[in-house]
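Engineer: What follows is the residue order along each chain.
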Amino acid sequence: GAVVSQHPSRVICKSGTSVKIECRSLDFQATTMFWYRQFPKKSLMLMATSNEGSKATYEQGVEKDKFLINHASLTLSTLTVTSAHPEDSSFYICSAGTGPLNTEAFFGQGTRLTVV
Amino acid sequence: AQKITQTQPGMFVQEKEAVTLDCTYDTSDPSYGLFWYKQPSSGEMIFLIYQGSYDQQNATEGRYSLNFQKARKSANLVISASQLGDSAMYFCAMRLNQAGTALIFGKGTTLSVSS
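Protein chains in written order, with the numbering used here: chain P, 331 to 446; chain X, 868 to 982.
Isolated chain P, as found in the complex (with noise of 0.2 Å):
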């Protein structure tokens, strides 16, 4: 089946500082991606809808200024965390697919994110 890839699994940061995640297919075209945020023992929240060449589209109450998502080729999309506080940590998840009729959504594995 087609294969997501994100990196990092893991980072810790300080405050202030920002970093960046990056989602990958490996072997598909995702002309659509997506960011969810994740916190202990609770549901996967949408954050943002990332599409190949255009801007995101952010969920409300989601600061873009703050959650930067670049999707520059048809394989790759990117999350930067920007001025990252403590409370931006969390686990971030990505997904893709190749179509709304695919019967399968791919996941990267997630990076949790910590920030000290």
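FYI, nobody ran anything at the bench for these hints, they're computed from the structure. Among these hints, one or two may not hold up.
What the hints assert, rightly or not - Capping the alpha-carbon separation at 27 Å, the derived lysine-lysine pairs in BS3-like fashion look like this: (1) X:K870 <-> P:K372; (2) P:K350 <-> P:K396; (3) P:K372 <-> X:K940; (4) X:K937 <-> P:K394; (5) P:K371 <-> X:K870; (6) X:K974 <-> P:K371; (7) X:K870 <-> P:K344; (8) X:K870 <-> X:K937; (9) P:K371 <-> P:K396; (10) P:K344 <-> P:K394; (11) P:K372 <-> P:K350; (12) P:K372 <-> X:K974; (13) P:K385 <-> X:K870; (14) P:K371 <-> X:K883; (15) P:K394 <-> X:K974; (16) P:K396 <-> X:K974.
Said to hold, decoys possible - Derived, one-sided and incomplete: chain P residues facing chain X with beta-carbon distance under 7 Å: (17) F364; (18) F369; (19) P370; (20) S373; (21) L374; (22) L376; (23) T412; (24) F421; (25) E434; (26) A435; (27) T444.
Every residue, glycine too, gets a C-beta built ideally from N, C-alpha and C.
Got chain P sorted already, so can you dock chain X onto it with the hints?
Structural biologist: Chain X only, in chain P's frame:
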């Protein structure tokens, strides 16, 4: 708006027994897909099973089956012959069959399998 409801925060089952995880959904769109994912403590999302809104038969994948009752808008997951390795969090999700739409998830159910 679409919504997924999982009312069981936690479920307990013994090895080799069957267990049903509940999921109801709400949408006014006639074309959609329903998914179940397993998330172990590592965090990866493992796809289990898919049911399309127009599928006439319930989906099955090995020990997993989806009890799809369209009129009731329910899509319960049945795991037969539970194994210790089934202990994880399980999410029900829905996606409209429209380009660029994301999966919307329920709150999840934590399944604990004991020996």
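Engineer: Against each hint, give a clear statement of whether it holds in the structure.
Structural biologist: Hints, verified against the model:
1. With a C-alpha separation of about 16 Å, the suggested pairing of K870 of chain X with K372 of chain P holds against the 27 Å cut-off.
2. Annotation: proposed proximity of K350 of chain P to K396 of chain P holds, straight-line Cα distance about 12 Å (limit 27 Å).
3. As the CA atoms of K372 of chain P and K940 of chain X are separated by approximately 23 Å, the hinted pair is consistent with the 27 Å bound.
4. Between K937 of chain X and K394 of chain P, the direct Cα distance comes to roughly 37 Å. Violation of the 27 Å bound is thereby established for this hinted pair.
5. For a cut-off of 27 Å, the pair hint linking K371 of chain P to K870 of chain X stands: about 19 Å separates their Cα positions.
6. In summary, the hint linking K974 of chain X to K371 of chain P is supported, as the alpha carbons are separated by about 9 Å, within the 27 Å threshold.
7. Pair hint K870 of chain X plus K344 of chain P does not hold up; C-alpha atoms about 36 Å apart against a cutoff of 27 Å.
8. Straight-line distance between C-alpha atoms of K870 of chain X and K937 of chain X comes to about 15 Å, which keeps the hinted pair within the 27 Å bound.
9. A distance of roughly 24 Å separates the Cα atoms of K371 of chain P and K396 of chain P; the hinted pair therefore holds under the 27 Å criterion.
10. Distance check on the hinted pair: K344 of chain P and K394 of chain P sit about 21 Å apart at the alpha-carbon level, within 27 Å; holds.
11. Proposed proximity of K372 of chain P and K350 of chain P is supported: the alpha carbons are some 23 Å apart, at most 27 Å.
12. Among the hinted pairs, K372 of chain P with K974 of chain X is consistent with the structure: their alpha-carbon atoms are about 6 Å apart, no more than 27 Å.
13. A C-alpha spacing of about 26 Å is found between K385 of chain P and K870 of chain X, which places the hinted pair at or below 27 Å, so the restraint holds.
14. Straight-line distance between C-alpha atoms of K371 of chain P and K883 of chain X comes to about 26 Å, which keeps the hinted pair within the 27 Å bound.
15. Annotation: proposed proximity of K394 of chain P to K974 of chain X holds, straight-line Cα distance about 25 Å (limit 27 Å).
16. Proximity of K396 of chain P to K974 of chain X is assessed by CA-CA distance (about 25 Å); at most 27 Å being required, the pair is judged to hold.
17. Hint status for F364 of chain P: holds, given a least beta-carbon distance of 5 Å to chain X, under 7 Å.
18. With its C-beta approaching chain X no nearer than about 11 Å, F369 of chain P sits outside the 7 Å limit, and its interface hint is violated.
19. Taking 7 Å as the C-beta cut-off, the interface hint given for P370 of chain P is violated, the closest approach to chain X being about 10 Å.
20. Because the beta carbon of S373 of chain P sits about 5 Å from the nearest beta carbon in chain X, less than 7 Å, this interface hint is met.
21. Annotation: L374 of chain P was flagged as interfacial toward chain X, and the flag holds, the nearest CB pair being 5 Å apart, inside 7 Å.
22. Given the 7 Å rule on beta carbons, the hint for L376 of chain P holds: about 5 Å separates it from the nearest Cβ of chain X.
23. Interface hint at T412 of chain P: violated, since its Cβ lies 23 Å from the closest Cβ of chain X, which is beyond the 7 Å cut-off.
24. Below 7 Å, beta-carbon pairs count as interface contacts, and F421 of chain P has one with chain X at about 6 Å; its hint therefore holds.
25. About 5 Å separates the beta-carbon of E434 of chain P from the nearest beta-carbon of chain X, less than 7 Å, and the hint is met.
26. A cut of 7 Å between beta carbons decides the hint on A435 of chain P: the least distance to chain X is about 5 Å, and the hint holds.
27. Taking 7 Å as the C-beta cut-off, the interface hint given for T444 of chain P is violated, the closest approach to chain X being about 13 Å.
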